[in-house]
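J.: Take a look at the letters that make up each chain.
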Amino acid sequence: DSGVTQTPKHLITATGQRVTLRCSPRSGDLSVYWYQQSLDQGLQFLIQYYNGEERAKGNILERFSAQQFPDLHSELNLSSLELGDSALYFCASSVALGGTYEQYFGPGTRLTVT
Amino acid sequence: AQKVTQAQTEISVVEKEDVTLDCVYETRDTTYYLFWYKQPPSGELVFLIRRNSFDEQNEISGRYSWNFQKSTSSFNFTITASQVVDSAVYFCALTLQAPSGSARQLTFGSGTQLTVLP
Numbered sequence: 001d002s003g004v005t006q007t008p009k010h011l012i013t014a015t016g017q018r019v020t021l022r023c024s025p026r027s028g029d030l031s032v033y034w035y036q037q038s039l040d041q042g043l044q045f046l047i048q049y050y051n052g053e054e055r056a057k058g059n060i061l062e063r064f065s066a067q068q069f070p071d072l073h074s075e076l077n078l079s080s081l082e083l084g085d086s087a088l089y090f091c092a093s094s095v096a097l098g099g100t101y102e103q104y105f106g107p108g109t110r111l112t113v114t
Numbered sequence: 001a002q003k004v005t006q007a008q009t010e011i012s013v014v015e016k017e018d019v020t021l022d023c024v025y026e027t028r029d030t031t032y033y034l035f036w037y038k039q040p041p042s043g044e045l046v047f048l049i050r051r052n053s054f055d056e057q058n059e060i061s062g063r064y065s066w067n068f069q070k071s072t073s074s075f076n077f078t079i080t081a082s083q084v085v086d087s088a089v090y091f092c093a094l095t096l097q098a099p100s101g102s103a104r105q106l107t108f109g110s111g112t113q114l115t116v117l118p
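Chains as they are written, first to last, in the working numbering: chain Z, 1 to 114; chain F, 1 to 118.
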């Protein structure tokens, strides 16, 4: 158990809908990362927050957005869902920016868009 | 931009055999960090090891060992006396040294599916 929690574990929804994925980092970790794992794209970095502020963006679609709240939990919002958004979405956390701190991953949320 | 290549898509071995997973990376930076993660069938990503670019000392941890060679940009992972429970997808990943206060993201390889047969 990495200490990172993600809810829900599974999500099935229809095209055009909007969903919210939730992540709670390990106790004491200030940095949260979101990754998408799909069969065709592999594991890709989406976005990163540090202590409530957005710090880096990767291959995140404009239909997707995220935020980190004062209690450090984070939410990833996916809207106007398409079939191609079906994937496993991971949240990871680390202690700080920079340095050598490894990222610990949550169990993931499996999103299926039908 | 950095890149991580895991040329072995799938490897199958019989229990108790040794197996090596290859990882080749590309980066122009001189300071970087390499990682191995394991993804068992249950789906979670489990951190295994981190190496710094300035520390080429190889490491052994139980049945696991890692061989880091900057000259060939490789960071290979060996499992000795493999077990059925080692069956998983193994990912090699790279991140760059980030100045204090800036972000750091992982670039992953495509993964190697290891199947250990009884």
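Be careful, since some hints might not be right.
Claimed, not checked - Taking lysine-lysine pairs in the DSS-like style, the calculated list, with each CA pair at most 25 Å apart, reads:
no.: 1; chain 1: F; residue 1: Lys38; chain 2: F; residue 2: Lys16
no.: 2; chain 1: Z; residue 1: Lys57; chain 2: F; residue 2: Lys16
no.: 3; chain 1: F; residue 1: Lys70; chain 2: F; residue 2: Lys16
no.: 4; chain 1: F; residue 1: Lys38; chain 2: F; residue 2: Lys70
no.: 5; chain 1: F; residue 1: Lys38; chain 2: F; residue 2: Lys3
no.: 6; chain 1: F; residue 1: Lys38; chain 2: Z; residue 2: Lys9
Unchecked claim - One-sided and incomplete, this derived list gives chain Z residues near chain F with beta-carbon spacing under 7 Å:
no.: 7; residue: Phe45
no.: 8; residue: Gly52
no.: 9; residue: Pro70
no.: 10; residue: Glu82
no.: 11; residue: Gly84
no.: 12; residue: Phe105
no.: 13; residue: Gly108
Just so you know, these hints were derived from the structure itself, not from any lab. Yeah, the Cβ is synthetic: ideal placement off N, Cα and C, and Gly gets one too.
J.: Taking each numbered hint in turn, which are not upheld by the structure, reported in ascending numerical order?
T.: Hint check: 2, 3, 8, 9, 10, 11 fail, others pass.
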